[in-house]
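Engineer: Sequence:
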Amino acid sequence: MISNTDSLRPELRCAIEAAQDKKAAGVTLLDMAGMDAFTDSFLLCTGYSARQVEAISDAITEQVERLGFRLAHREGKDAAEWVLLDFGGFIVHIFTERAREYYDLERLWRSARRTDFPDAAPPGEAAPGRAEAEA
13 MISNTDSLRP ELRCAIEAAQ DKKAAGVTLL DMAGMDAFTD SFLLCTGYSA
63 RQVEAISDAI TEQVERLGFR LAHREGKDAA EWVLLDFGGF IVHIFTERAR
113 EYYDLERLWR SARRTDFPDA APPGEAAPGR AEAEA
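Numbering-wise, the sequence shown is residues 13 to 147 according to my numbering.
Since the hints were derived computationally from the structure, they do not count as laboratory data. Treat the hints with care, since some could be wrong.
Estimated spans, in silico, between C-beta atoms of each pair [to be verified]:
(1) Arg119 <-> Gly46: 15 to 25 Å
(2) Gly46 <-> Asp90: 10 to 20 Å
(3) Leu117 <-> Ala84: 16 to 26 Å
Quantities reported herein were computed from a predicted structural model and do not represent experimental measurements. Virtual Cβ for every residue (Gly too), placed ideally from N, Cα, C.
Could you build all of it, start to finish, from the sequences and the hints given here?
Structural biologist: In structure tokens, the structure reads:
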């Protein structure tokens, strides 16, 4: 689980926790405020297989909808290398490693404020601390 997400909106916190519960890697939040973007935030994460990408997608959708937020649009199907979940105020991008490297949204939106969250720790180890970086 992540620590110190109290300042995040509940739906973002919920999506991050759902991704981490499914062992998503490289969980990153890009704050799009003031960037003339079509959403407030991008949540990016990586799954190590198409099956894991799908599991992360399902978990995020289920948990965020439990909070009363409706999924407005979804792109990417079973065995997809990139699934996009549009909840209106934020968009989730779930990639395989290869797709994340190829599209490199962090570089494309490098002027967005970026917050990286720790990957899930192996059993018996503490998760590393959260790191924030201005890109």
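Engineer: Against which earlier hints does the structure fall short, listed by number upward?
Structural biologist: 2
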